[in-house]
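Number of protein chains: 2
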Amino acid sequence: MQFHLNGFRPGDPHLADAAPGLPARTDGVPPEVDVLIVGCGPAGLTLAAQLAAFPDIRTCIVEQKDGPLQLGQADGIACRTMEMFAAFGFAERVLKEACWINEVTFWKPGETDAGEIVRHGRVQDTEDGLSEFPHVVLNQARVHDFYLDVMRNAPGRLEPHYARRFVDATVDDAADHPVTVRLERTDAAHAGQVETVRARYVVGCDGARSAVRKSIGRQLVGDSANHAWGVMDVLAVTDFPDIRYKAAVQSAAGNLLVIPREGGYLVRLYVEMDKLGEEERVANRGITLEQLVATAQRILHPYTLEVREVPWWSVYEIGQRICDKYDDVPAAAGGRLPRVFIAGDACHTHSPKAGQGMNFSMQDAFNLGWKLAAVLRRQAVPELLHTYSEERQVVAQELIDFDREWAKMFSDRARYGGDDAEAAQGVDPRAFQQYFERHGRFTAGMGTHYRPSIIRGEDTHQHLATGFVVGTRFHSAPVVRACDAKPVQLGHAGQADGRWRLYAFAGADDAGLRALCEFLAQGPESPVRRYTPAGQDIDAVFDLRAVLQQRHADVDLLALPGLLLPRKGVHGLRDYEKVFCPDLKNGPDIFALRGIDRARGALVVVRPDQYIAHVLPLAAHQALAEFFSTFMRAS
Amino acid sequence: MQFHLNGFRPGDPHLADAAPGLPARTDGVPPEVDVLIVGCGPAGLTLAAQLAAFPDIRTCIVEQKDGPLQLGQADGIACRTMEMFAAFGFAERVLKEACWINEVTFWKPGETDAGEIVRHGRVQDTEDGLSEFPHVVLNQARVHDFYLDVMRNAPGRLEPHYARRFVDATVDDAADHPVTVRLERTDAAHAGQVETVRARYVVGCDGARSAVRKSIGRQLVGDSANHAWGVMDVLAVTDFPDIRYKAAVQSAAGNLLVIPREGGYLVRLYVEMDKLGEEERVANRGITLEQLVATAQRILHPYTLEVREVPWWSVYEIGQRICDKYDDVPAAAGGRLPRVFIAGDACHTHSPKAGQGMNFSMQDAFNLGWKLAAVLRRQAVPELLHTYSEERQVVAQELIDFDREWAKMFSDRARYGGDDAEAAQGVDPRAFQQYFERHGRFTAGMGTHYRPSIIRGEDTHQHLATGFVVGTRFHSAPVVRACDAKPVQLGHAGQADGRWRLYAFAGADDAGLRALCEFLAQGPESPVRRYTPAGQDIDAVFDLRAVLQQRHADVDLLALPGLLLPRKGVHGLRDYEKVFCPDLKNGPDIFALRGIDRARGALVVVRPDQYIAHVLPLAAHQALAEFFSTFMRAS
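Top line first, the protein sequences correspond to chains A and B.
Each position in the first sequence, counted from 1, maps to that position plus 3 in my numbering.
Each position in the second sequence, counted from 1, maps to that position plus 3 in my numbering.
Treat the hints with care, as some may be off.
The list treats identical chains as one, so a pair stands whether inside a single copy or across any two.
As the list claims (entries may be wrong) - No farther apart than 30 Å at their CA atoms in a straight line, the calculated lysine-lysine pairs in the DSSO-like style are these:
no.	residue 1	residue 2
1	68	99
2	571	99
3	489	571
Because the hints were derived from the structure by calculation, they are not lab data.
Being a predicted model, the structure only gives us computed values, none of them experimental.
Please work from the sequences and hints to get the whole structure.
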């Protein structure tokens, strides 16, 4: 963490200076805002936390419920999501409270007695080196709490307005605040009162039954569900030995998934109940908690399960559905610019067992947040906003396809050792485990691979940095900070502050790096010069970081280009945290780990949402300038 | 973290259930308490945080200042202190905010030009494997904040009473609350009002000028100071390349120590000013900030130093002083039991540059806290309280001796390359660096080695676990938790909850471990049976942890003795977190790292303050029972 740049200030460094001229919070929603967010779920809060970071953006977030969530449904947190939490500054809180998923075990019907389950496999949950973070499980409500803290501490001092139902939205492109939204208050004291908010942009993060989605005439389409599943969080006593592992159980009596939960005692059980008829809804089955428990007990036989407390349970049908577009611009609308967006469950729903719903929703918002901020702050042209739906809809469709296959496999009967026709059918447990392992990257949240666009370059120079794949998230690696020999993760330079990162990996000598710095500092085409507003710190828009090949003790820090030791803030203090060296003490160094061309070096351009926009030669000054010129606005 | 044991509860798991019958907090201090703590410094807050963990202990902490500290003097946090912070549950907050000291560099006068300093050495700050935590630097005020959070969230819901000056204390051993303390309120609204508190025990954590110490007739004795030093926290621009390293500079113009501070910009400089005359006090020198800055600039020549902001500065004389006893029992008092204690700077003062004052003070309080709790909760005989002064005074004297030598060396002129008489005198820079390296363990806080006592066994069986030295702190090592394959630090089982830890390392087979569990669960002499109150969880007093030799995947968890999978809480849920296996993936496993006898195993008995009380054979059931019988009370 960096602080005290503009003078020493006592107290909690997480508490940012409040935005100048921030209006006092009122009971009513503000009449005019830059962005109105509808819904305080994971997507809405991610977006709100992102926008609250900018002192010059006015945001309002409303929620239909009366207050913060106490007990959420979602719980799985993918490695990729942990990386994003690090950018928002609360990864360490999640790591501490959450349950870590370290291994997954697989159970099937026994060879001799198909009525008894036996363990047949065990795999590491996350492959080595996939991320610097583990896969963890934590009640969604705690994730909300952490986001609410970030919002509260941010310059925008953002707090949700609860007990507001979205009524409708109208768009008048000619107006300064084109979207007019009506909200109905639902708390007893104000029931029925209607408030009107005029916003430049509206984002519907209001879940699978999204009213914002309906208001822009879009709908979720996809499979009808034909499998009923139950899910329950239990405090239980059992002699099933893998109750603290993620355990996938395929039994002759049905399937079950064990997800251990935070705190060491709580466990979530997903229990297969019934095949549903065509168009039949699970609600009509009248499945009870007692049935759920009894089914789980049958599946786990010969192990016992004594349920002592059930804080939460539910019954649902599996269904994958998706919206064809995530904004209010019709496919054939040509030049119209989007004003209303949807994100999260409003756009796509999944089987909970793939553990993707909450994770994907937050990534939607992380993708949209910086784009809205860049347009509102006049750093980027508004056409940038088209890329939100373009990027996120495609990767969601890929996830849905994966998810459908996974859910089907999970609901199928396991093949077991009987000699009847039934025994020969169904999924081979070994194939099931192999599929699980193959798709580890997807479930870790690493399946996202954006296609070329105005903000994603072609991979012409991918060979310069084969481990930093253009269009995927920047894969962090350990380095040593040159100024103080601190071992750090390079990727953690990427905070959720709307800035672009330029990671310059030095070649065999420092000439390419020096020339790049010279260009960025002095060149008339330099993006740093063109797009950084006067009076702001030199790294306010582009945060240049250098990775050298030599040992940190051999670096002559003060001899490096000034851009790598920039003077900042009211005192003109030097920022020493821009230069890194390989960590030679622990395993292969970052040049080897990420396939950097040691002779020529590489420049890796990373977006504010941590995705790699471009890989370029250090000397490709013109290409770098051109890349940014297509969507950025000169200041 | 473990939670939800007694039923699911939403919200922050750090917030414990409030103690039953906790009186509402009033503006005035409570008239009667178990423990009155005088002073909200590091020692006082450590003690308060420890005592607040026990719902059945009533504590009051008072402070002369009007409110929480905003800007503290102390900043160095030793590895050992980080380990204690982990026990209090806020190590991750410190790791995030603090500046890490990774390497130390050494500077001396140049060979050719003694007026210019040159770097002549560089060492890693903390030797590999010394602790799982780094050495860090953070404003003392933030450490206070973290303790205040722990106190607020604890069952005792403890908050300090500010603006109280300790007036005097009288002891009447016959009374139920033997110590009567008068406090004078110092805030404007209540100025001059005197409050009376009757306490079972009083602890003076009120600093070097301790009024509590005076009230028990004790005094600090030691060296007169004869060196004036200045210290300043600065935001500055410099081309001195090691400004983000801890850098020890010996120049022809004097000595200086650079300590980089949290946030990436702030730096603390200790600057040698003048030799003082016999009995001369630094206050009489009238040293100004301008002189301090000018001296620092001279020492750093040829590098420049432009100071832009000085949040804090001070001038002090080096002096090591110590009190001969830390309680109110005269040396020859025989059977009298202590009622008034002193801790921290009230008992000992140090040169700040050894970075020990705050760290040692907190360890005083950590040593005393569990003893007071054990006596107040009738788990232990009150004679246990004698061991506080016995243990802490001795190790403080050792620290003072180290500190004196270190400070002297630091204040001496460096020998440099001139050929005059002056050049040949002084400290050899190489010897200085070697001394620094040799004493790394001391400055890391690992110098403490308690002597045999009623709570520290003889080291007869030390050979069974050569890496767990009796009398020193339990040195954590990485292990894998058997129930879920999570990689964890074994030592982090040791939370600041007043419990004893019994770490049982299995031998070649599990027979010794099983017999030990059998004894502890069933033996008539079993400490677990004798000292655990009825109705409490089986691990409420003794927390048994087992470390097996096999891979976690080979452990048949449910076949282990019930004591290793204990049923706890209102629901009788199984606690799965008692059994560990070697971490075979990363380096040598814990049996190799800590020299455990693989054939016979070992039992390592660890006190509530993380110090090793005993190493015993697994089969030494009788010796184990006898050890505890000398100071524990049957429940």
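These are the hints, each one checked on the structure:
When the C-alpha separation of residue 68 and residue 99 is checked against a cutoff of 30 Å, the pair qualifies only within one copy, where the shortest distance is 28 Å, while the shortest distance between copies is 34 Å. Proximity of residue 571 to residue 99 under the C-alpha cut-off of 30 Å is restricted to the inter-copy arrangement: shortest distance 22 Å between copies versus 34 Å within a copy. For the homomeric pair residue 489 and residue 571, the shortest alpha-carbon distance inside one copy (22 Å) is at most 30 Å, but the shortest distance between copies (43 Å) is not.
In terms of the numbered hints stated before, the structure departs from none.
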